[in-house]
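**Student:** Required output: the full structure, derived from the provided sequences and hints.
First to last, the sequence lines map onto chains D and Y. Numbered per the numbering used here, the first sequence spans residues 1262 to 1335. Numbered per the numbering used here, the second sequence spans residues 95 to 271.
Think of the hints as simulated: they come from the structure by calculation, not from any bench. Beta carbons are placed, not taken as given, at the ideal position from N, Cα and C, and that holds for glycine. Please note that the accuracy of each hint is not assured.
[To be verified] Short, incomplete list of chain Y residues facing chain D, as computed with Cβ under 7 angstroms: (1) GLN122; (2) TYR126; (3) GLY127; (4) VAL144; (5) TRP166; (6) ARG169; (7) ILE229; (8) ILE230.
[Unchecked claim] Result set (DSSO-like, lysine-lysine): computed pairs, CA atoms no more than 30 angstroms apart in a straight line: (9) D:LYS1271 with Y:LYS250; (10) Y:LYS262 with D:LYS1272; (11) Y:LYS250 with Y:LYS262; (12) Y:LYS250 with D:LYS1272; (13) Y:LYS262 with Y:LYS236; (14) Y:LYS250 with Y:LYS236; (15) D:LYS1271 with Y:LYS209; (16) Y:LYS209 with Y:LYS250; (17) D:LYS1272 with Y:LYS236; (18) Y:LYS236 with D:LYS1271; (19) Y:LYS262 with D:LYS1271; (20) Y:LYS209 with Y:LYS262; (21) Y:LYS209 with D:LYS1272.
Each chain, letter by letter, is given below.
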Amino acid sequence: MNANDELRMKKLLQQALPPVESNPEPGCDLWPSVLRRLDARAAAPPWFDWALVAGLIAFAAFFPASIPVFLYYL
Amino acid sequence: MQNEPSDILNEFRLGDLAAFETLFRLHQRAVYGWILRIVRNPAVAEELTVESFWRIHRAHARFQPSRGFEAWALRIATRAAFDWLRTQHPETELPAGLQAPAIADPAVTDEIRRKTAQAFQRLPPRLRIAAVLAIIEDQPQKDVAAALGVSVSAVKLRVFRALRMLRKDLQQQGITP
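**Tutor:** Structure follows, in structure tokens:
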């Protein structure tokens, strides 16, 4: 593809997909949504908590005799 | 690009929510506009702006105030937009009425424009982002490079590869650009 082809392709692309208007604004204030997202993610347990629970369940499945020990320490 | 007092940047780095809100208010339009230019869908751009600021907050401890907030925020926003583009089906139609009116070239028919837009949607997201920002939105290549976390040469290469793939796709449909 030479320089002329490149220029033609650029012009065609600009015709097919015109630029977005300048200085677009969101339709509403997004701060409440950001706060909700922060709260939701903060409430979700981190992945290593789930990994620990899965590990304990697997351990209890393989060694059922350990269940009373776990219950004792809860 | 906005300049904010360094104490706000330092407070944000330490996790202060009020400082984060100040930075959000200062930069949400820039981040939203940047994302909209990439995804070209206002509803998705709003959603990704929220996602980007959530990622920004999560990464506050890694923020370096000396490098400025907006460039860092745009880089995170670009990554969020890239992640979204990767999940999209290439044939997803662009919403109508978003773009500024183009000066129509009578030699380019509506059919060719439509097929070009569809072919563009089929490009790999990595190339599409570089091309949409550098060619369609006419953003400075150094800004595009900073947002993508690559060199200016890499942006030029991606744009060239995008145009070459687009041309090949159109040629396969019998269109000679």
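**Student:** Quick one, is the VAL144 of chain Y hint okay against chain D at 7 angstroms, beta carbons?
**Tutor:** Since the shortest Cβ distance to chain D is 5 angstroms, the answer is holds.
**Student:** When you check the alpha-carbon spacing of LYS1271 of chain D and LYS209 of chain Y, does it fall within 30 angstroms?
**Tutor:** Holds, at roughly 15 angstroms.
**Student:** Let's test the interface hint: is any C-beta of chain D closer than 7 angstroms to that of TYR126 of chain Y?
**Tutor:** 5 angstroms, holds
**Student:** What's the verdict on LYS262 of chain Y and LYS236 of chain Y, does the C-alpha distance respect the 30 angstroms limit or exceed it?
**Tutor:** 27 angstroms, holds
**Student:** Decide if the proposed pair is consistent with the structure: LYS262 of chain Y and LYS1271 of chain D, CA atoms, cutoff 30 angstroms inclusive.
**Tutor:** 14 angstroms, holds
**Student:** Does the alpha-carbon distance linking LYS209 of chain Y and LYS262 of chain Y stay inside the 30 angstroms limit?
**Tutor:** 12 angstroms, holds
**Student:** Going straight from one Cα to the other, do LYS250 of chain Y and LYS236 of chain Y come out at no more than 30 angstroms?
**Tutor:** 10 angstroms, holds
**Student:** Just to be careful, I want the Cα atoms of LYS209 of chain Y and LYS1272 of chain D compared with a cutoff of 30 angstroms; is the pair within it?
**Tutor:** Holds, because 14 angstroms separates the two Cα atoms, which is no more than 30 angstroms.
**Student:** Given the hinted pair LYS250 of chain Y and LYS1272 of chain D, is their Cα-Cα distance within 30 angstroms?
**Tutor:** OK: LYS250 of chain Y and LYS1272 of chain D at ~17 angstroms, within 30 angstroms.
**Student:** Is the straight-line distance between the alpha-carbon of LYS209 of chain Y and that of LYS250 of chain Y 30 angstroms or less?
**Tutor:** 24 angstroms, holds
**Student:** Should the interface hint for ARG169 of chain Y be scored as holding, given a Cβ-Cβ cut-off of 7 angstroms against chain D?
**Tutor:** Status violated, d = 18 angstroms.
**Student:** Is LYS1272 of chain D close enough to LYS236 of chain Y, meaning Cα to Cα at most 30 angstroms?
**Tutor:** 21 angstroms, holds
Checked against the numbered hints above, the structure breaks hints 5, 6 and satisfies the rest.
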